[in-house]
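S.K.: Each chain is listed here by its residues.
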Amino acid sequence: DAGVIQSPRHEVTEMGQEVTLRCKPISGHNSLFWYRQTMMRGLELLIYFNNNVPIDDSGMPEDRFSAKMPNASFSTLKIQPSEPRDSAVYFCASSPHRSTDTQYFGPGTRLTVL
Amino acid sequence: AQRVTQPEKLLSVFKGAPVELKCNYSYSGSPELFWYVQYSRQRLQLLLRHISRESIKGFTADLNKGETSFHLKKPFAQEEDSAMYYCALRSWETSGSSLTFGGGPQLTVNP
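Line by line, the protein sequences give chains A and B.
Take any residue in the first sequence, note its place counting from 1, add 2, and you have its number in the numbering used here.
Take any residue in the second sequence, note its place counting from 1, add 111, and you have its number in the numbering used here.
In isolation and in its complexed conformation, chain B is listed as follows:
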């Protein structure tokens, strides 16, 4: 069975400091991983996906199959980055696919 682990529940950094949100996964198939973000009083939304190899709002994430990790990084955190961050793994069934989410840390960026 697939599993996503995010070890931190709470993460606090100062503005301008680097931030790394850890994500590890276990899955027998070829992994497809995503990061979702939930800002205060807003809906959960997609931040980025590994297949796009994109940088969104300064965040990047690299899939490391050897370490089964998909850590989210940003070199200089901003106060507006404060949010809940969920790592998600897509798994496939015969009739469709679904996402398995990790526990998600609450990131707080202090001024």
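So that you can see chain A by itself, here it is in the shape it has in the complex:
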């Protein structure tokens, strides 16, 4: 198993553009998490899904951020419009069951908004 897959690995865009980050969780995992990592704030949970249903999106910074999970094998995190302060590494993680403590992380997407 390749583990959690994220694409792209690096994204450079200009302010105001739409950015879409993609995640493929480990097959059979029921929970999926989106995190943002910055030097100032560390690792922040943005949103998580159980069985494709969003459970807690209180970490989503503002309306410019949206996340979807149309099926068990795919999720997207979209930023529209993007701003320089969105520059960060965005991680996706999955876990087998909602009550499981171990989360398996993807390699992350490094986003730079100019």
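The hints are simulated quantities; they were obtained by calculation from the structure and are not laboratory data.
Relax, there's no trap hidden among the hints.
If you only want the chain A side, here are some residues facing chain B, beta carbon under 8 Å, derived:
1. R43
2. T104
3. P109
Just so it is clear, the structure is predicted and the values come from calculations on it, not from any experiment.
For glycine and all other residues, C-beta sits at the position ideal for the given N, C-alpha and C.
Given the coordinates of chain A, work out where chain B should sit on it, guided by the hints.
M.R.: Frame of chain A; chain B shown alone:
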């Protein structure tokens, strides 16, 4: 609301020296705490969990409910321990659970 605090951003020690990474938490429920580690160019991964009371790669962490702490310790640091270390607290909602991470220090072990 739950909160995890890791006061250090950068921590540097010499090889063979003891190392302690501090973690404090606040949570109204029964805490479940973990340490995750991210080595250079590798994925973030689970290091240890308090319920297992295990030692992984020489690291141990004891949950102190009185002090609301879960500090990570190793008596003799090695160069390969250089990494980002995140303390995490699991909290429960009606439909599931999630992890709240601290800010995570970058540990550098110098030769």
